[in-house]
Each structure stands twice: as structure tokens, then as C-alpha cells.
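A.B. asks: Same order as they appear, the protein sequences are chains S and G. Sequential numbering of the first sequence, starting at 1, is according to the working numbering. Sequential numbering of the second sequence, starting at 1, is according to the working numbering.
To be clear, the hints were calculated from the coordinates, so they are not data collected in a lab. Do not take every clue at face value.
Said to hold, decoys possible - With the Cβ distance kept under 7 Å, some of the chain G side facing chain S (calculated, not the full set):
{"#": "1", "residue": "51"}
{"#": "2", "residue": "52"}
{"#": "3", "residue": "74"}
{"#": "4", "residue": "78"}
{"#": "5", "residue": "108"}
{"#": "6", "residue": "110"}
{"#": "7", "residue": "113"}
{"#": "8", "residue": "114"}
To be verified - Distance condition first, Cα-Cα at most 16 Å in a straight line; then the derived EDC-like pairs of lysine to aspartate or glutamate:
{"#": "9", "chain 1": "S", "residue 1": "3", "chain 2": "G", "residue 2": "111"}
{"#": "10", "chain 1": "G", "residue 1": "116", "chain 2": "G", "residue 2": "105"}
{"#": "11", "chain 1": "G", "residue 1": "94", "chain 2": "S", "residue 2": "68"}
{"#": "12", "chain 1": "G", "residue 1": "92", "chain 2": "S", "residue 2": "134"}
{"#": "13", "chain 1": "G", "residue 1": "94", "chain 2": "S", "residue 2": "123"}
{"#": "14", "chain 1": "G", "residue 1": "92", "chain 2": "S", "residue 2": "204"}
{"#": "15", "chain 1": "G", "residue 1": "89", "chain 2": "S", "residue 2": "91"}
{"#": "16", "chain 1": "G", "residue 1": "89", "chain 2": "G", "residue 2": "163"}
{"#": "17", "chain 1": "G", "residue 1": "130", "chain 2": "G", "residue 2": "120"}
{"#": "18", "chain 1": "S", "residue 1": "304", "chain 2": "S", "residue 2": "144"}
{"#": "19", "chain 1": "S", "residue 1": "3", "chain 2": "G", "residue 2": "98"}
{"#": "20", "chain 1": "S", "residue 1": "3", "chain 2": "G", "residue 2": "105"}
On a predicted model such as this, the values are computed, not experimentally measured, just so you know. Quick reminder that beta carbons are idealized off the backbone N, C-alpha and C, glycines included.
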Amino acid sequence: MSKYINHILSSFKTHPTIQLTTIIVLTGTYVLISTFFVAKSNIDGVLSSWGEKVRLNIYLTDSATDDDINKIKSKLSKLKKFSPAEYVSKEQAAKNFMASMAQSAPDLLNNSELGNPLPASLELSIKSSTSGAEHLKLLKIAAESIRAFSGVEEVSYGQGWVKNYSDLVSGFKNSSYAFLLLLILGSMLVVSNSIRSSVSQRLEEVEVLELVGATQSMIRTPYIIEGMVLGLITSILAIMGTYLLFLWQQSIIIKEFDLITFGGQFHFLNLMQILGVISLGVSMGAAGSYFSVSKINTGWAAAKRTNGANWQ
Amino acid sequence: MIEFSHVYKTYSGTVHALKNINLNIKKGEFVFLTGPSGAGKTTLFRMISAYDRPCSGHVQVGNYKLNEISAKEIPTLRRSIGVVYQDFKLLKAKTIFENVALPLEVRGEGETVIRKKVNEILDRVGLVYKKGKCPDFLSGGEQQRVVIARALVHQPGVLIADEPTGNLDPHLSEEIMDLLENINAQGTTVLIATHDHNLVKRRNKRLVTIKDGELSEGAA
Ligand SMILES: Nc1ncnc2c1ncn2[C@@H]1O[C@H](COP(=O)(O)OP(=O)(O)OP(=O)(O)O)[C@@H](O)[C@H]1O
Ligand SMILES: [Mg+2]
């Protein structure tokens, strides 16, 4: 244990600038990664609260019988990802319509000669637990399966804007994951670089250890631990930094925007996500240092230096 | 114990450091290797400790065929031999004690065993009182004795020593030679490279000579 601590301290002594730069860059990278997760879970909240407003409307013909309606209802109850269907009668539809029109065209309320041209309908919405990217597909399948039933006049789900919404959500997902992957690879490279310089500063030591018969894992372990500690320290610093950013941004967002837009809540990472970021840091640290040290510590480090890099 | 057959080593394309080396050293033998500077002594030693590989030919040390040795076997071979490097290869950041302890540490020996054996061998080379110092604070001769101690501390079956007395005065040289003969008497195969002809003459041992990369039995 104290052997590994000494190893890390001596790395810090021999090349403090590189170590410090590494810590700053890595912390920055993990701040970006944590911010990504904070943004993602909050935006997911917004999107799925929009998702709840995506409704499937099944308009019924005037001649639809109770039997027809029951058949449709029982079909709908089998759609797992939708909330139970709600029946809106012709009269209810008229009332709703009147209510929504009361401000813009109050006269309509008094014009009884118009009769009631509105159809009865069944309404259902997608459960909020389903992902936004899936909505369009779910709605399409549901609409197709219902359209042919007798008593159905038309099925509507605002096809146009649901498609846009669905594209937006899946576009956001794909591009953000690509970005995330880039950040993660970047963090591994940064650790790898720092460990590479640790190793090359101690090339002599690696050589001597090899020559007295140390195994590869004996030589590698301290460097891999060094990388893991770098990952651990920087991801913890990053979580703290991101939390400060979060508090600062939260006060701005609450002032500037209606919190309803965020589904009434704006939240930081949960414990699992925090542990996730930290273990990401530790494992990228281990992977990065493994790459660097395994290239040098092949058992023939001394021969390589003596004969030049191309020596086989 | 140590066998060379038709060994060639060429550095960077043009320097033929070893040419058709054939050598057979039996278990328990004590052999001197002499030859002028640049003759190939260090290169020959490097083939034995798996520090480097020959370009062609076969080298065998104990049961290890060094042409086919796998990455996993290299550490076990190196633990079974002791090497005195001409350029010492001491770790500057570690104390004398820690340097000498390395071969025991990599074998996973316990602390008490390490302390006992390191102190014992440092006593035999006369350096116990410097064990807490780092190599840079020792004279060339003292460093050389540290390297000898490190090569012997794990009681290897084979000892190869490249100019082990190069930095020592005649009196100390004799003492170290006595030590190595002692080790040899206990069963260790010993191969020593040296420039010091007087030293070789005084001890009645097998002598091989290398010149321009070519080996011959006896004096040149
Ligand atoms: N790394 C290297 N690259 C190229 N040539 C080398 C290298 N090491 C040694 N040589 C050459 O190989 C030849 C043998 O060198 P070696 O070190 O084996 O000699 P030596 O007998 O040990 O000499 P000395 O008594 O001075 O230690 C010399 O001509 C030397 O210049
Ligand atoms: Mg030499």
C-alpha cells in the first residue's frame, strides 16, 4: 500500500506540471460528462412531459354501436404502453369545444342552429415511462391496428408534429451519445499520456526491475493504480464542480424560465449516477495507464533501448 | 549450464559484436573471460541474462533455451541468475539496502528474510554501514560492491560478473575474488569478464578470450 502511495508521490515530484495539467484537463472532461448527465436527465423529463401530451384520438362514426365501442376499447386495453382509453361523447366534445372557444368566439356559444357536428371519440395517451424516441412508432402501430375496426371514422395523433418531436428526441440521443463517447475516449487518452510520461521518466527503473526478474504485473500495477487514483480524484472533483455549476445555473433558470417547462422539477445526479461517473473515471484511468505501460514493459525494455526502437 | 552454439550478434546493421560463438560452461565451473575493450564481452553477457537476443544461433542457460523463451519465462530465468552489470544499473532514488533487496522482493520474500539476507551480504562486501545511503553518495568502488551484493543476495545458480573489480583497488579486488570463489565452492556457476590479467594469473581457473567478437579457449 505505502509502496503505491510512494510511487504516486514520486510521480508528482518528478513531473508536477504534467500531473497538474492532467488533473485540470481530466476534471474538466468529467465536469462535461457529469453536466451531460444532468442535462440529459432534465431534458428527458421535459420531453416525456411533452410526451404525455401526445394523444391518440379515435373519432367514432355517429352510427357506432355500443358493441363497436366495447370491441375497440378491449383492443385498446391490450396496448401496454398507453394509458386506459377515455370516452368522450358528442356532448362532452361540444362542451370542450365551446369552452376552448369561449374567449376567441363567444358568439358560437349562443348559436344553437349549428347543431353538433363534433364526433364522439376515444382518447388515450402514451405512458410517461416510455422513451420519446419510441412514440412515433407506438402511435403508428396503434393507429393501424384500430383504423379498420367498424365504427371508427378516423384515427389521429397529430402525425406531423409527433414526427418532428420524435426525430428531435432520437437526434438528440444519437448525437449526444457520440459526444459522450468522444469525451470518454478523450479522458482515457489524457490519463494514458500522463502515465506514459510517468513511465518514461522511470524507464531506468522499469529496466532494472525487469532485469532482476520482476513480472509484468509487478511493474504495471503501480502505474495502473496511479491512473486509477487520477481518475478517482478528478471525477470526484468534477462531481463537486458540476454541483456548484448546477446550483448557480439552477438559480438563473428558475428566475428566467417557468419551472413548469421542466416538468416542475430540475434535479442533480442521483447517487447511482454519481457513482457511475466516479467508476467511469476509475476505469478509464486504469485502461489508459494499462495502454501506456504495456507498450514499454514488455520484458525487453533494456534491449529495446540498447538496440533502438525498431528492435524486435 | 551455459551453452552457446553458432551465436551471432550484430548491432544496428554494421557492428558485428559476436561472430560464431561456441562456448560450453558446465555446472559449478569458474570461468574467466578476457579480451580488449570492444571485443564483445558485455554483449556476450547480455545473451546469457536475456537482456538481449542473439541475431542467430542458440543460447541455453540451465533449462531455458533463450531463442524460444516466452515473456512469462523471462522473469523466472532472471531470478535464477545473478548479474553484475558493468554500468551497475542501480536505482538512484532507492537506498543501498533497497537496491540490494530488489531480487528478493520480486521473488516475494517476506520482510524478515529480506532484512536478514541483505544485511548478511552487505556485511560480506563490507558496506553495512552505508545501507541507508543512496548510490550517488557512494564511491565507484562502493557502488560496484553494492552491485555484487545485489547479484548474490538471492543465492543464484549462475553468476555472471562484467568487470566486477574494475573500480576496486588490488586489495579489495582480491577480497571480492575470494568471495566469488567461495560462492563458486558452494555450487554456483561463475563467469567473470575482466581486463585484469594479474588477477587471472593468480587464480588457476579456466580462461576464455574474446577478440573482435571471436572466442577462443585459453589466453590470447
Ligand atoms: N548498443 C550498441 N549499439 C551499437 N554497437 C554496440 C552497442 N553496444 C556495443 N556495441 C559495439 O559492439 C562491440 C562490442 O561491445 P561490448 O560492449 O560487448 O564490448 P566489451 O568487450 O564489453 O568492451 P569493454 O571491455 O570496453 O566493456 C563494440 O564494437 C561496441 O562498439
Ligand atoms: Mg563491456
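A.B. asks: Is the hinted pair residue 92 of chain G and residue 134 of chain S satisfied, with a Cα-Cα distance of at most 16 Å?
C.D. replies: Violated: residue 92 of chain G and residue 134 of chain S sit about 64 Å apart, past 16 Å.
A.B. asks: Tell me if the straight-line CA distance from residue 89 of chain G to residue 91 of chain S falls inside 16 Å.
C.D. replies: Answer violated: residue 89 of chain G to residue 91 of chain S is near 97 Å, above 16 Å.
A.B. asks: Check the hint pairing residue 130 of chain G with residue 120 of chain G against an upper bound of 16 Å on the C-alpha distance.
C.D. replies: holds, 13 Å
A.B. asks: Using Cβ atoms only, decide whether residue 110 of chain G comes closer than 7 Å to chain S, and label the hint accordingly.
C.D. replies: violated, 15 Å
A.B. asks: Decide if the proposed pair is consistent with the structure: residue 3 of chain S and residue 105 of chain G, CA atoms, cutoff 16 Å inclusive.
C.D. replies: Since the Cα atoms of residue 3 of chain S and residue 105 of chain G sit roughly 12 Å apart, the hinted pair holds (cutoff 16 Å).
A.B. asks: Going straight from one Cα to the other, do residue 89 of chain G and residue 163 of chain G come out at no more than 16 Å?
C.D. replies: This hinted pair holds, its Cα atoms lying about 14 Å apart.
A.B. asks: Going straight from one Cα to the other, do residue 3 of chain S and residue 98 of chain G come out at no more than 16 Å?
C.D. replies: Within the cut-off at roughly 12 Å; holds.
A.B. asks: Under 7 Å is the threshold here; is the Cβ of residue 74 of chain G close enough to any Cβ of chain S for the hint to stand?
C.D. replies: This hint holds: residue 74 of chain G lies near chain S, its Cβ roughly 5 Å from the closest one there, short of 7 Å.
A.B. asks: Regarding the hint that residue 52 of chain G lies at the interface with chain S, is the smallest CB-CB distance below 7 Å?
C.D. replies: holds, 4 Å
A.B. asks: Would the pair residue 94 of chain G and residue 123 of chain S pass a check requiring their Cα atoms to be no farther apart than 16 Å?
C.D. replies: Roughly 79 Å between the alpha carbons, so the hint for residue 94 of chain G and residue 123 of chain S is violated.
A.B. asks: Is the Cα-Cα distance between residue 92 of chain G and residue 204 of chain S 16 Å or less?
C.D. replies: holds, 10 Å
A.B. asks: Should the hint that residue 114 of chain G touches chain S count as held when the rule is a Cβ pair under 7 Å?
C.D. replies: Violated: closest Cβ of chain S sits about 13 Å from residue 114 of chain G, beyond 7 Å.
When the structure is compared with the earlier hints, violations turn up for hints 5, 6, 7, 8, 11, 12, 13, 15 and 18 and for no others.
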